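> Take a look at the letters that make up each chain.
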Amino acid sequence: MDNVRELIQFLQPNQRLDLKAVALTHVLSLTGSVEGKEAILSLDDMLMAIFGLTLDDNATVSKDAVLSLINLTAEETGAIKVYELAKQVQPRFAIAEVASKQICDEQAELADAWSMVLSNLSRVEALVHSILDTLESTLPQLAKAFAKLEYNKKKCKLHYLAPIFCNLTQVPRGRELCCQPKYQLLEKLLPFASFEESVVRRGGTIGIIKNICFDAVYHDVILNEQDDILVAILQPLCGPEEFTDEEMEKLPIELQYLPESKTRETDPDLRRMLLECLLQLCATRRCREVLRAKGVYEILREYHKWEAKVGRESECLLACENVVDILIKKEDEIGLDNYKSVEVPADQADKFVQEDAAYVKSLLD
Amino acid sequence: MENLATKKNWTEEERLELAAQLDAQLDEFIDGLEKKRYEEGWPEDRWQEEMDKHPFFMKKAPQPGDEVHPMFEGLQKLKYDPEENTLDELALNYKEDGNFYMKHKKFRMAVYSFTEGIKTKCENPDVLAVLYNNRSAAHFFIKNHRSALSDAQRALFYKPDYNKARWRAAQCAYELDKFDVCSQMCEELLEVDIDHKDAKALLHKNKMKKMDTERNQRKEAAESKRRLARFHKLRDALTQRAIKFDDQPINKRTNITDELLRPKFLPLEDYPVHLDEDESTLIWPTAFSYPEFLLTDFQQQLPETATMMDCLITLFEEPLPADKMSSYRPDKVNVYYENRKAGCAHKVNPKSTLREIINEKGFFVSGGALLFYVVPKGTRVEQEFINQQRRPQVYS
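Residue numbers (the working numbering), protein chains in the order written: chain S, 1 to 365; chain P, 366 to 761.
Hints listed in this document are in silico derivations from the structure and should not be mistaken for laboratory results.
There may be inaccurate statements among the hints.
Simulated DEER-style distance windows between Cβ atoms [claimed, not checked]:
| hint | chain 1 | residue 1 | chain 2 | residue 2 | range |
| --- | --- | --- | --- | --- | --- |
| 1 | P | E579 | S | D44 | 55 to 61 Å |
| 2 | P | P668 | S | K262 | 33 to 39 Å |
| 3 | P | Q582 | S | D347 | 51 to 57 Å |
| 4 | S | E246 | P | F596 | 33 to 39 Å |
All values derive from a computational prediction rather than experimental measurement.
Virtual Cβ for every residue (Gly too), placed ideally from N, Cα, C.
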């Protein structure tokens, strides 16, 4: 512990560069282990020194400082500690602001590293509100940085903006900002739900969709005359299968006549999330009718065949069947407007969960 | 005069005398001048024409190529001569001209003027931006969207915050189906002004058009793929049956194309040979010719499984209008086909199916269709048909 404390003196901004660099490399390697991380997080002076070095003139030093921060904020306790301390120190180290500024800077070398820090911090529910307040005014700029590939001129990919947006939509205010028609944020983010090159981007974007779909407030927005969200959900579930012309006409226009080369989402967790989104949308009668009219059943019919044969994930099969079971029924068979209004007694709920688990096991041989 | 000037104390008389003397000299000088008519004025009969030519009074600007009044030329020089103007002034003069033409909706002339302005080699980016932007506007009005777009983009190069040019670039890109350029321009406009209604509307319209266009492209690709697959199946069926075509050299591997299969008989044109829904039976377009009447019947879709007798029964369900003697009944006729390569006719067994007939050694598909000749059995017509001169076709 004392060894760690001794490092602090070498981490001061006016310290000799070589000493700073060596000490910081040591700190960075310490943040890789659980004990090392704990030791550093308990030393406020050490953390403050690291804050200071994140903006060091020397590229190696600032990089190692930010990388250390990524490791330190990886867990919830560390993230809270770092965020709270950054708020208290004098002068204040506005960590979320610094991060967003770096991300929005086309010339920033460390934009990716900072986006990981911000992603770590915003994952913590206790911090989201405060971070959202800081970021609110820069959201359009962040969305632009995200949507424009090669935005960053120093080869930062900015994929981690997707989990950041996903984290921000954990809370109602975040969803509200995201769905505001004025900035069309959502419209810019959605296409990345089927972004092949990065599972981080895809996963984050699908997470945003999930957060929004699980909030019934937005169901009417989602299924309006523009099919953006529905397309974003369905696109990764669509394959190259051909439909008859009548079936084709029902589908949202972006999903019609997909080429032979079309592939499905490779990550089963993401497929399941998308199917869960659809299930949420099945809650009300109006939405179910829209989903039927847009050919969701037809797409899932083909998807189910594929999952059974190629994907082979029983959780996904169950999630798909849950949606299909609802869509396949006529409205007078269902006989109620909102599934969410059904109260399920606790013992019944347990029973259903067990039945589902047993069924999942029997799904694939 | 000097002597006179030096002389002092002029008397009144002397002065008068001198004045009279000078008058006389002047008169004498004038009288001595050559007598010539005043010719530089405008002739009375053509004054109006002259008036129109004079730069002060002309009602129309001279068109390029017109001979211009010398005074006009002078004025032009003042305005357009590189020696009289700085490059900026010169460029701006052309810009003024261009704007004048724009106001009067003479867009081609405006393009010409702005081009001249650009050609002045003026290096002031603001002036160049305006010239390109204005030329872009002129192009836009005459629907030269490609030129309008490239000019607007050049204007933006010289002046990156030129939103008028940006908006026009967006509109042109939309017209040209350059969806990505259009959306980028609109996004940039909205960045400056989030409430730019037109940009927002165009962005949406652009997205819709893009989606539609891309869908149609995908649909077209899917359809042509389907067509190709169908054609391949047909080709395989034809190859498998070793079908021979008389438009093709013998002993060479038949190259089956759409063109080869397209029926050359007008009534059959829309019904080329194809596979039935079962994907195993060929359906043939067929012509039955009656040499006696110089008439031909066309059957657009005959399955290869039908026998010749089947065909004849359908053919003579109703008697031929030209057949007054009722000699054309299914059992009273013979059917032949010609082998044009060997120059002879073969008789068809009515119990054979079309597939079997086509398979015979001497049968060739002719002009994408099957061609048969129908004559009454044992008649002069049949004899004449058989003995008709047939020259073998020669292929190199």
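> Failing hints, ascending?
Checked against the structure, the only hint that fails is number 4, while the rest are satisfied.
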